[in-house]
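> Spelled out from the first residue to the last, the chains are:
Number of protein chains: 2
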Amino acid sequence: MDLSIVGTMALDTVETPFGNVKDALGGSGSYAGCAASFFARPGLVGVVGEDFPEEHLASLRSRGIDTSGVERAPGGTFRWGGRYETDVNVRTTLFTELNALERFDPKLPDDYKKTKYLFLANIEPGLQNKVLDQCGSLEFTILDTMNFWIEGYRAELDRALKRVDAVMLNDEEARMLTGRGNLRAAAAAALEMGPRIVVVKKGEHGAMMFTKSSHFALPGYPLETLKDPTGAGDSFAGGFIGYVASRGSADEETLRQAMVAGTATASYCCEDFSIDRFRTLNISDVAARAASVGEAVRFSPLEWK
Amino acid sequence: MDLSIVGTMALDTVETPFGNVKDALGGSGSYAGCAASFFARPGLVGVVGEDFPEEHLASLRSRGIDTSGVERAPGGTFRWGGRYETDVNVRTTLFTELNALERFDPKLPDDYKKTKYLFLANIEPGLQNKVLDQCGSLEFTILDTMNFWIEGYRAELDRALKRVDAVMLNDEEARMLTGRGNLRAAAAAALEMGPRIVVVKKGEHGAMMFTKSSHFALPGYPLETLKDPTGAGDSFAGGFIGYVASRGSADEETLRQAMVAGTATASYCCEDFSIDRFRTLNISDVAARAASVGEAVRFSPLEWK
Numbered sequence: 001m002d003l004s005i006v007g008t009m010a011l012d013t014v015e016t017p018f019g020n021v022k023d024a025l026g027g028s029g030s031y032a033g034c035a036a037s038f039f040a041r042p043g044l045v046g047v048v049g050e051d052f053p054e055e056h057l058a059s060l061r062s063r064g065i066d067t068s069g070v071e072r073a074p075g076g077t078f079r080w081g082g083r084y085e086t087d088v089n090v091r092t093t094l095f096t097e098l099n100a101l102e103r104f105d106p107k108l109p110d111d112y113k114k115t116k117y118l119f120l121a122n123i124e125p126g127l128q129n130k131v132l133d134q135c136g137s138l139e140f141t142i143l144d145t146m147n148f149w150i151e152g153y154r155a156e157l158d159r160a161l162k163r164v165d166a167v168m169l170n171d172e173e174a175r176m177l178t179g180r181g182n183l184r185a186a187a188a189a190a191l192e193m194g195p196r197i198v199v200v201k202k203g204e205h206g207a208m209m210f211t212k213s214s215h216f217a218l219p220g221y222p223l224e225t226l227k228d229p230t231g232a233g234d235s236f237a238g239g240f241i242g243y244v245a246s247r248g249s250a251d252e253e254t255l256r257q258a259m260v261a262g263t264a265t266a267s268y269c270c271e272d273f274s275i276d277r278f279r280t281l282n283i284s285d286v287a288a289r290a291a292s293v294g295e296a297v298r299f300s301p302l303e304w305k
Numbered sequence: 001m002d003l004s005i006v007g008t009m010a011l012d013t014v015e016t017p018f019g020n021v022k023d024a025l026g027g028s029g030s031y032a033g034c035a036a037s038f039f040a041r042p043g044l045v046g047v048v049g050e051d052f053p054e055e056h057l058a059s060l061r062s063r064g065i066d067t068s069g070v071e072r073a074p075g076g077t078f079r080w081g082g083r084y085e086t087d088v089n090v091r092t093t094l095f096t097e098l099n100a101l102e103r104f105d106p107k108l109p110d111d112y113k114k115t116k117y118l119f120l121a122n123i124e125p126g127l128q129n130k131v132l133d134q135c136g137s138l139e140f141t142i143l144d145t146m147n148f149w150i151e152g153y154r155a156e157l158d159r160a161l162k163r164v165d166a167v168m169l170n171d172e173e174a175r176m177l178t179g180r181g182n183l184r185a186a187a188a189a190a191l192e193m194g195p196r197i198v199v200v201k202k203g204e205h206g207a208m209m210f211t212k213s214s215h216f217a218l219p220g221y222p223l224e225t226l227k228d229p230t231g232a233g234d235s236f237a238g239g240f241i242g243y244v245a246s247r248g249s250a251d252e253e254t255l256r257q258a259m260v261a262g263t264a265t266a267s268y269c270c271e272d273f274s275i276d277r278f279r280t281l282n283i284s285d286v287a288a289r290a291a292s293v294g295e296a297v298r299f300s301p302l303e304w305k
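Those protein sequence lines, which keep their order, are chains A and B.
When we follow our numbering, the leftmost residue of the first sequence carries the number 1, and every step to the right adds one.
When we follow our numbering, the leftmost residue of the second sequence carries the number 1, and every step to the right adds one.
If you are wondering where the hints come from, they were derived from the structure by calculation, not from laboratory data.
We put the beta carbon where it would ideally sit given N, CA and C, even for glycine.
Careful: at least some of the hints might be erroneous.
[To be verified] Taking CB as the label site, the calculated pair distances span: (1) A:PHE148 - B:ASP105: 57 to 63 Å; (2) B:GLU54 - A:ASN89: 45 to 51 Å; (3) B:GLY194 - A:GLY152: 52 to 58 Å; (4) A:ARG279 - B:ASN129: 38 to 44 Å; (5) B:GLU151 - A:ASP105: 55 to 61 Å; (6) A:ASP87 - B:GLU192: 21 to 27 Å; (7) A:GLY152 - B:GLU139: 15 to 21 Å; (8) B:GLU54 - A:ASP158: 56 to 62 Å; (9) A:ALA291 - B:ASP105: 33 to 39 Å; (10) A:GLU253 - B:LYS113: 26 to 32 Å; (11) B:PRO74 - A:LYS212: 55 to 61 Å.
[Unchecked claim] Taking lysine-lysine pairs in the DSSO-like style, the calculated list, with each CA pair at most 30 Å apart, reads: (12) B:LYS114 - A:LYS116; (13) A:LYS162 - A:LYS113; (14) B:LYS130 - B:LYS162; (15) B:LYS305 - A:LYS305; (16) A:LYS114 - B:LYS305; (17) A:LYS107 - A:LYS212; (18) A:LYS305 - B:LYS116; (19) B:LYS305 - A:LYS113; (20) A:LYS107 - A:LYS130; (21) B:LYS114 - A:LYS305.
Chain A extracted, bound-state conformation (with noise of 0.2 Å):
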């Protein structure tokens, strides 16, 4: 095993103008396992219910993932509901049932511990933490979070910015957590809060990457196929923190392609509901998705007269 994911586990019900899927398999660690897949061999902990079709847990495991760490709780698993518009930016929660994610209280197998690569996907900043408490020597973590616990769990959430390398946010969450509109001013303000890496993730505009010397950005990758954004995040820190994990450091220079490697993984999440898009794909097809995101940004230095 070559990093851990601790993250959610979902059955997801989602409308977009290109179908929907009903009780289909969700969540920021399912998301993230499949992306990372395709780089290293992660661990995923979790929570599921009874309820939780075996077939699921299946199609990870045959994508190389450990289950070892999934939990079957008591009761049902954890549901999101949800509805995007025309533009597909706009998003509607239809519902969200807690169920067994009420009571998640993460615990990694041993071997877990061992590894050295660590994301956190969004998930209460005190099971974060508890997270931590259980690693042994870790070389890179990222953390995810979002507006809920940014708002109403800030101590906790600040405790495990301090433990982390990295924290990967959405533009509105940057903002939200630092106060500050521009984007920079935000970046630099989260770097003051532990992490020496800023990700923001902006959806179809690319994500960025900063740096106390320096910042790194992509476009988003023009799909011509949209079904579903649904786990297209969780699928970017999945193929990030992958890359990383299968080089084995954290240097900029990696960090950067682990940034290729993230805008690969969420472009092709989108292509089609649920995880479905990552059960056909093998790792030349992300290859040449990467080799894609890099033509698209390449160009000779300026010439002046």
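Start from chain A and add chain B according to the hints.
For chain B alone, kept in the frame of chain A given last:
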């Protein structure tokens, strides 16, 4: 003279969270002209009223811009007033007084007719066609337009689109022009309307360029200081066409570099009100910003285990 720019000249009254100006030099032609002037010698075609300060024309000339194509007409100058919210992507137009612009009938001086490069900034499409009628043999022409013309002046716009090499739009306009929500599909549809190049401007999110066989994209430059985004799109176009004119080529490689040039000039434009930031810049500042834009998207090819 290396290129002609036909656009508006305005007196702008602008309020942003960072300050305000009254009757400042504005208009698509002014911004595009200033931005282009770092790369080549532009000639400007536009109309101003009796109230337009001579010092504004003098400041354009001091940047090497030929203003013999600027007509002084009876009555007042085109005036625009706008306010930007804390999120500067949200803009409210407070007033629009067309004045002299209402009777604008662009006439190109003889030496303008000989230039090989032309930027038709956002004016009534019928006038854009009139300008094209006056031009000799052009090597590269860019057309900009807006929602108002797309909705109400479609026949003239369609005719103009068949006569230009590139159309430059924001994302909303691209969707309106083509009726396609997906940006890649919208670009493909716009390419069917005549131009061989479609550039989609996305404000702080950067810009994309599509041809029938390729796409290129740049993220926006993350500004530390943003005072007023008015004119950024026109400054992008001006930097773009100025670079193309300076190289005397419009092949794919040059156009990619022109996207970088436009990103650099557009980012500078936002750092102060009106064209003020351009007053103190020199070519090495623009080169440094272009290099930063390049550094922000630079990465080594991914390595695969």
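> Taking the hints in turn, state whether each one holds.
Results for each hint:
The beta-carbon spacing between PHE148 (chain A) and ASP105 (chain B), approximately 59 Å, falls within the hinted interval of 57 to 63 Å. Distance hint check: the CB atoms of GLU54 (chain B) and ASN89 (chain A) are about 47 Å apart, consistent with the given range 45 to 51 Å. For the pair GLY194 (chain B) and GLY152 (chain A), the beta carbons lie near 54 Å from each other, so the given range of 52 to 58 Å is met. In this structure the hint that ARG279 (chain A) and ASN129 (chain B) lie 38 to 44 Å apart at CB is violated, the actual value being about 52 Å.
Between GLU151 (chain B) and ASP105 (chain A) the C-beta distance comes to about 57 Å, which sits within the given range of 55 to 61 Å. At roughly 23 Å, the beta-carbon separation of ASP87 (chain A) and GLU192 (chain B) lies within the given 21 to 27 Å, and the hint holds. For the hinted restraint 15 to 21 Å between GLY152 (chain A) and GLU139 (chain B), the CB-CB distance of approximately 60 Å leaves it violated. Under the hint 56 to 62 Å, the C-beta atoms of GLU54 (chain B) and ASP158 (chain A), about 58 Å apart, fit the expected range.
For the hinted restraint 33 to 39 Å between ALA291 (chain A) and ASP105 (chain B), the CB-CB distance of approximately 51 Å leaves it violated. Under the hint 26 to 32 Å, the C-beta atoms of GLU253 (chain A) and LYS113 (chain B), about 51 Å apart, miss the expected range. At about 58 Å, the beta-carbon gap between PRO74 (chain B) and LYS212 (chain A) stays in the expected band of 55 to 61 Å. The suggested pairing of LYS114 (chain B) with LYS116 (chain A) is violated, with an alpha-carbon distance near 65 Å, which exceeds 30 Å.
In summary, the hint linking LYS162 (chain A) to LYS113 (chain A) is supported, as the alpha carbons are separated by about 20 Å, within the 30 Å threshold. As the CA atoms of LYS130 (chain B) and LYS162 (chain B) are separated by approximately 14 Å, the hinted pair is consistent with the 30 Å bound. Distance restraint check for LYS305 (chain B) and LYS305 (chain A): the Cα-Cα separation of roughly 44 Å exceeds the 30 Å cut-off, and the hinted pair is therefore not satisfied. Between LYS114 (chain A) and LYS305 (chain B), the direct Cα distance comes to roughly 21 Å. Compliance with the 30 Å bound is thereby established for this hinted pair.
For the suggested pair LYS107 (chain A) and LYS212 (chain A), the alpha carbons sit about 34 Å apart, so the restraint of at most 30 Å is broken. Taken as a hint, the LYS305 (chain A) and LYS116 (chain B) pair is honoured in the structure, with Cα atoms around 18 Å apart against an allowance of 30 Å. Annotation: proposed proximity of LYS305 (chain B) to LYS113 (chain A) holds, straight-line Cα distance about 24 Å (limit 30 Å). A distance of roughly 9 Å separates the Cα atoms of LYS107 (chain A) and LYS130 (chain A); the hinted pair therefore holds under the 30 Å criterion.
Only pairs whose Cα atoms come within 30 Å are accepted, and LYS114 (chain B) paired with LYS305 (chain A) is accepted, the gap being roughly 21 Å.
Violated hints, in rising order: 4, 7, 9, 10, 12, 15 and 17; the structure is consistent with all others.
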